[in-house]
Each structure stands twice: as C-alpha cells, then as structure tokens.
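Novice: Sequence:
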Amino acid sequence: MRHGGRCSRVLAGCLMAVLLFLAPPALAQEDERPSAAEQRAIRACDVEERARERAPEACIGKVSTPCQERPGMSSNVGMRMCFDREGAIWDALLNERYRRLQAKLSAEGRAKLRDVQKLWMRWRDAKCEMAHVFHEGGSIAGPLSRECVMSETGRRAIELGSALEVLGEKP
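Here the numbering used here is used: the first residue of the sequence shown is 17, the next is one more, and so on.
These are computed hints drawn from the structure, not numbers from a lab. Because the structure is a prediction, the values reported are computed rather than measured. Worth double-checking, as some hints may not be accurate.
Stated by the list, open to error - Derived lysine-lysine pairs resembling DSSO-like cross-links, with alpha carbons at most 30 Å apart: (1) Lys78 <-> Lys143; (2) Lys186 <-> Lys120; (3) Lys78 <-> Lys186; (4) Lys134 <-> Lys120; (5) Lys78 <-> Lys134; (6) Lys128 <-> Lys143; (7) Lys186 <-> Lys128; (8) Lys134 <-> Lys186.
Unchecked claim - With beta-carbon atoms standing in for the labels, derived distance ranges: (9) Lys143 <-> Asn111: 15 to 23 Å; (10) Glu64 <-> Lys128: 25 to 33 Å; (11) Val132 <-> Ala67: 21 to 29 Å; (12) Ala119 <-> Arg56: 22 to 30 Å.
Beta carbons: idealized from backbone N, C-alpha and C, even for Gly.
Full structure from sequences and hints, please.
Specialist: Below, the structure written as structure tokens:
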C-alpha cells in the first residue's frame, strides 16, 4: 500500500510539471492577438504614408519591432509571437481589401483576382519556407519564416490597397 502512495505522489508531481510546462504557451496565445491600438497604428500608418505619397511598406514592422523590444520577447518564441501578432493585422487588412476589390470587379475580374490570390499564397508560403531550408535544424528558421509571412502579407495588403486606389476607392 505504501508503494501505491509513492507512485500516486510521483504521478501527481509529473502531472503538475506537465501542467506548469503547458501553461505559459496557453498564456502566450493571449498575447498573440493584436490589440485595437496596434490595429489602428498599422491602418493609420498606411493612410499617412499614402497621403504623403510615400511607400506604405514602411509600416511593415510597426507592431512587431516594438513588440520584440519588450522584456522576454527577443527569444525565438517571443519573436514568433510578435511576427504573428502583426501578421494577423496585415492578414485582416488583406482580406478586407480583397473582399472590397471583389465587389468592384466584373465576374471575369473576380475570377482573375481569385486565381492571382491563390498563386500569391502558394508563392508566399514557398518563399517563406526557404528559411527552414537555409537554416536546416536551426532554431532561427521559425522566427525568420514567420517574419517573412508577416512581411509578404503586409506587402500584398498594401498592393491590394493600391488596386483599390486605381479603382477610385480609399484603401
């Protein structure tokens, strides 16, 4: 009976260790979601750069760079979280602009835009996976790949905003 009690304590200790190990990622997921202020900052930067007839690409990194400067965020996990946070903003902007463009185009134009978007997504994913090829086995590959996805998604969102401008719409 004494042996069973010891096993139960060891098992309980192991379970507690596993739960403690899993808790930080669960908490970290909360931090990955961009705040309303961060979303506004990206949108405002895009509008401001266009108004000044400058390249809105300067807005890429506006959230992820200061995010990485916070304590504990310069680690690989922290960098990935920062890139994902900003990437989510650009992805939402891209999807919004894509939907708005679709609404402005003819049936043929919508089909072409859809085809181009599918090709672009495959190209972006293939390009960004190259970080894993160049840094095979290296821990930096993850953050570099995520940074690439964020940057390319930002560029595409900006490009779709420019297409809206061509059609006489505000991005």
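Novice: Taking the hints in turn, state whether each one holds.
Specialist: Now the hints, each set against the structure:
1. The suggested pairing of Lys78 with Lys143 holds, with an alpha-carbon distance near 22 Å, which does not exceed 30 Å.
2. Between Lys186 and Lys120, the direct Cα distance comes to roughly 12 Å. Compliance with the 30 Å bound is thereby established for this hinted pair.
3. Between Lys78 and Lys186 the CA atoms are separated by roughly 21 Å; this keeps the pair inside 30 Å, and the hint holds.
4. Only pairs whose Cα atoms come within 30 Å are accepted, and Lys134 paired with Lys120 is accepted, the gap being roughly 19 Å.
5. Among the hinted pairs, Lys78 with Lys134 is consistent with the structure: their alpha-carbon atoms are about 27 Å apart, no more than 30 Å.
6. At most 30 Å may separate the alpha-carbon atoms for a hinted pair to count; Lys128 and Lys143 meet this at roughly 22 Å.
7. Distance restraint check for Lys186 and Lys128: the Cα-Cα separation of roughly 22 Å lies within the 30 Å cut-off, and the hinted pair is therefore satisfied.
8. Our distance criterion of 30 Å between C-alpha atoms is met by Lys134 and Lys186, whose separation comes to about 24 Å.
9. The beta-carbon spacing between Lys143 and Asn111, approximately 20 Å, falls within the hinted interval of 15 to 23 Å.
10. The hinted range of 25 to 33 Å is satisfied by Glu64 and Lys128, whose Cβ atoms lie roughly 31 Å apart.
11. Restraint check, Val132 to Ala67: a C-beta distance of roughly 27 Å satisfies the suggested window 21 to 29 Å.
12. Taking the beta carbon of each, Ala119 and Arg56 are about 24 Å apart, inside 22 to 30 Å as hinted.
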